[in-house]
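Trainee: Build the full structure now, drawing on both the sequences and the hints.
In this text, residue positions in the sequence shown follow the UniProt record's numbering: the first is 1, and each later residue adds one.
Because the hints were derived from the structure by calculation, they are not lab data. Any given hint could turn out to be false.
[Said to hold, decoys possible] Mimicking DSS-like on lysine-lysine, the simulated pairs with C-alpha atoms at most 25 Å apart in a straight line are: (1) K254 with K662; (2) K99 with K254; (3) K201 with K254; (4) K168 with K188; (5) K662 with K99; (6) K188 with K99; (7) K168 with K192; (8) K188 with K201.
[To be verified] What follows is a list of derived Cβ distance ranges for each label pair: (9) R625 with F68: 28 to 36 Å; (10) I523 with R62: 48 to 56 Å; (11) A546 with S107: 30 to 38 Å; (12) P509 with V72: 45 to 53 Å; (13) R243 with D366: 30 to 38 Å.
The beta-carbon is built from N, C-alpha and C at its ideal position, and this holds for glycine as well.
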Amino acid sequence: MSAIGDTLGFMHEEIRVRGARQNSLKNVDVDIPKHQLVVVTGVSGSGKSSLVFDTIAAESARQLSETFPAFVQSRMPSYAHPDVDVLENLPAVIIVDQKRLHGGPRSTVGTISDIGARLRLLYSRIAEPVAGFSNAYGFNDPAGMCPRCEGLGVTARVAESRMVDDSKSLNDGAIDFPMFAPGQWMWKAYAKSGFFDPAMKIGDYTQEQRWILLHAPAGELQAPAGIDAVGSAYEGVIARFNRIYLRREPDSFKGAQREAFERIVERGVCTDCGGTRLSEAVRGSRVGELSIADCNAMQISDLAEFVSTLDVPAVAPLIDSLRVHLDRMVTVGLGYLSMERATSTLSGGEAQRIKIVRHLGSALADMLYVFDEPTVGLHPRDVAALGGLLGELRDRGNTVLVVEHDPDIMAIADHIIDMGPGAGAAGGTIVYQGDYPGLSGADTATGRGLAKPHPSVRERREPRGWIDITGASTHNLRNVDTRIPRGVMTAVTGVAGSGKSSLILGHLPQAEPDTAVIDQRPIRGSRRSNPATFTGMLDPIRRLFAKTTGKPIGLFTANSTGGCTECDGNGVIYTDLAFMDGVLTSCDACGGRQFTPESQAITIDGVSIADVYQMSIAEALAWFRPRPIVTILETIRDVGLDYLTLGQPLTSLSGGERQRLKLAAHLGTPGHTIVLDEPTSGLHIADTERLIALLDRLVDQGSTLVVIEHNLDVIAAADWIIDLGPDAGHDGGRIIFEGTPETMVEHGSGHTATHLRRTSPEFADYPVFRDQLQTQTT
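Mentor: Next comes the structure, spelled out in structure tokens:
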């Protein structure tokens with residue numbers, strides 16, 4: 001390092017964090033080595049995300065954002081200043097999280113991964129007959145899109161009979177879409193136009209009146225009454241709807257608007273382009289026997305094979321670049337996707353892995369890459385390949401910081417930071433720093449979990465009957481027949497894209513109508529929704545306060561008379577900064593506690609309703625005595641969420657936390673058929689052990705459990721396994737094994753069987769596999 005560099009402090013090899021107190025962090029001091037693969041682990045709620053995302057990544061992103069003009073900043077994500085004393089030597093951050101990819105109906109795997117751009121360029125250079133420049137091979141450009149569907153691949157039309165109720169008048173709400181409801185400004189353009197009697201039933205209109213109401217083009221007619229309620233020339237209801245709303249995606253609407261849109265709009269594959277989105281000229285331009293539409297529809301693994309066969313020296317660098325990107329998609333376990341797959345249909349894990357591939361093609365160096373559990377949704381077969389890509393990012397001169405629970409990723413880390421010792425108030429400190437061998441012997445929850453042997457073979461429960469699924473053909477399923485045992489736990493396994501979700505989520509609810517599906521989707525509710533409201537616990541708590549204190553029950557509700565009038569019971573104030581992002585600040589009137597001074601002054605043994613909102617589940621269990629409240633608290637504790645506070649907004653929960661909160665609601669009503677979709681997502685090794693005990697409890701209470709899962713400990717604990725494969729996409733969709741874990745180990749031939757043997761030492765007693773295990777170990 002030069003003398004100037006020494007003097008100015010350039011080229012620091014560590015990110016320095018001093019006095020981090022964000023969320024549950026307890027004045028954390030830590031030095032994070034740069035240009036290494038650093039894994040941050042710890043039990044759920046221990047403070048991993050608070051350190052990595054809410055402190056380090058947030059401050060790097062905030063400072064980077066401040067270098068841009070105010071107008072640009074207004075179009076960028078807003079980050080608050082984290083609660084930390086010192087943050088030094090921060091590289092510019094790239095956050096690779098599990099947020100769903102958006103971009104509307106025109107966004108696909110091809111467009112978001114940049115592979116599509118390379119493929120279009122290739123076709124513009126070597127396809128015959130040539131259709132034009134590279135933009136002419138894209139469905140998002142007028143030069144290449146199908147003129148009928150405008151590059152969407154689907155055509156949409158309003159079902160007139162569903163939108164218009166002939167038995168009603170305009171005054172009665174004959175137009176079934178909220179924007180045209182009585183009293184709305186669009187409704188006035190028709191009810192007060194002078195063309196119709198607003199009290200007459202639509203079914204009594206003349207043919208001409210009906211055409212004027214529904215189909216008159218904009219500007220062709222002048223309303224007799226001169227009403228211009230919508231600020232433009234008179235236009236029929238369906239004509240106006242088609243122009244303003246028809247091309248929008250249902251997700252762009254909320255609540256009643258979305259329900260009405262999905263009810264009245266019919267969609268179908270475009271008959272001109274066959275759903276390819278492309279013009280006839282583009283579909284006829286080919287490389288060999290394949291058009292670019294054929295390439296877009298192919299499974300990525302097949303497309304990679306096709307590209308590898310091309311030998312055109314004039315575009316050799318382009319072919320090599322395209323092949324490398326496609327091979328990386330296969331490496332991260334996404335070979336089953338197609339380029340035309342809409343990004344809105346991708347899971348969070350799939351989205352994150354596409355982002356990884358995209359960043360691997362970047363020429364930037366000395367960046368800070370932050371990943372949020374990148375192994376989520378990955379079969380053990382693909383974890384090692386993902387780890388290789390993380391190492392590739394590091395080797396290009398970057399710092400890679402990963403929040404992760406998977407031991408295979410920990411094992412390849414250069415440095416590990418273990419948070420704990422517990423969750424919530426019991427966490428927030430660093431309990432170990434060092435390498436993987438040191439962590440394996442450390443007296444922490446992670447260290448003990450790594451050192452603990454896998455569960456030994458246990459007695460399997462006998463089915464009490466069977467649920468039959470026949471002829472399942474959703475997506476890539478190949479006319480699958482199977483049966484699911486009742487009264488036991490079934491693990492449905494296979495690599496990502498093998499057909500697990502298609503089989504269970506697509507067909508089990510039809511075979512068993514009362515099936516409860518517990519997934520990780522957001523929980524519906526307002527900004528005030530929290531664990532207390534979601535579980536129904538708040539009602540008995542409010543009644544307890546009202547009965548004990550003799551005060552009206554409304555005083556103990558944030559959205560009633562007890563709510564702070566300054567912030568409407570939200571605890572925060574939103575400040576609009578015009579061209580800059582708005583800011584949420586704690587309400588000064590209530591101190592962020594949501595309730596009025598009067599409500600906060602009413603206590604039971606010195607505890608107010610505001611204090612209850614800030615209690616953790618564990619603290620509430622120690623304070624409350626009424627059995628209805630305690631029972632609900634116990635179910636939340638049993639699913640491993642005792643660190644949550646009763647008033648914590650549901651929007652702040654991770655996907656795994658949301659799923660376990662939903663699961664808690666089913667603990668009190670056993671006996672159902674329950675499907676869990678990858679319940680170990682976001683779970684620490686210790687939490688997984690608790691989850692297995694909880695699942696056993698549900699089965700013992702009479703429930704039938706079906707768990708879609710990659711975690712080998714959960715699979716080993718199941719009574720029955722249904723394994724799909726052998727691979728993903730069109731190479732999957734078949735059942736390759738059905739039976740007990742012991743039978744899978746002894747006779748199974750798929751990827752799941754291979755990894756179940758490798759990671760479960762007690763299964764090595766099966767003589768047929770001793771040589772295989774020895775080979776794998778070597």
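Trainee: Against the structure, test the hints numbered earlier, and report the numbers of the ones violated in rising order.
Mentor: When the structure is compared with the hints, numbers 3, 6, 9, 10, 11 and 13 turn out to be violated.
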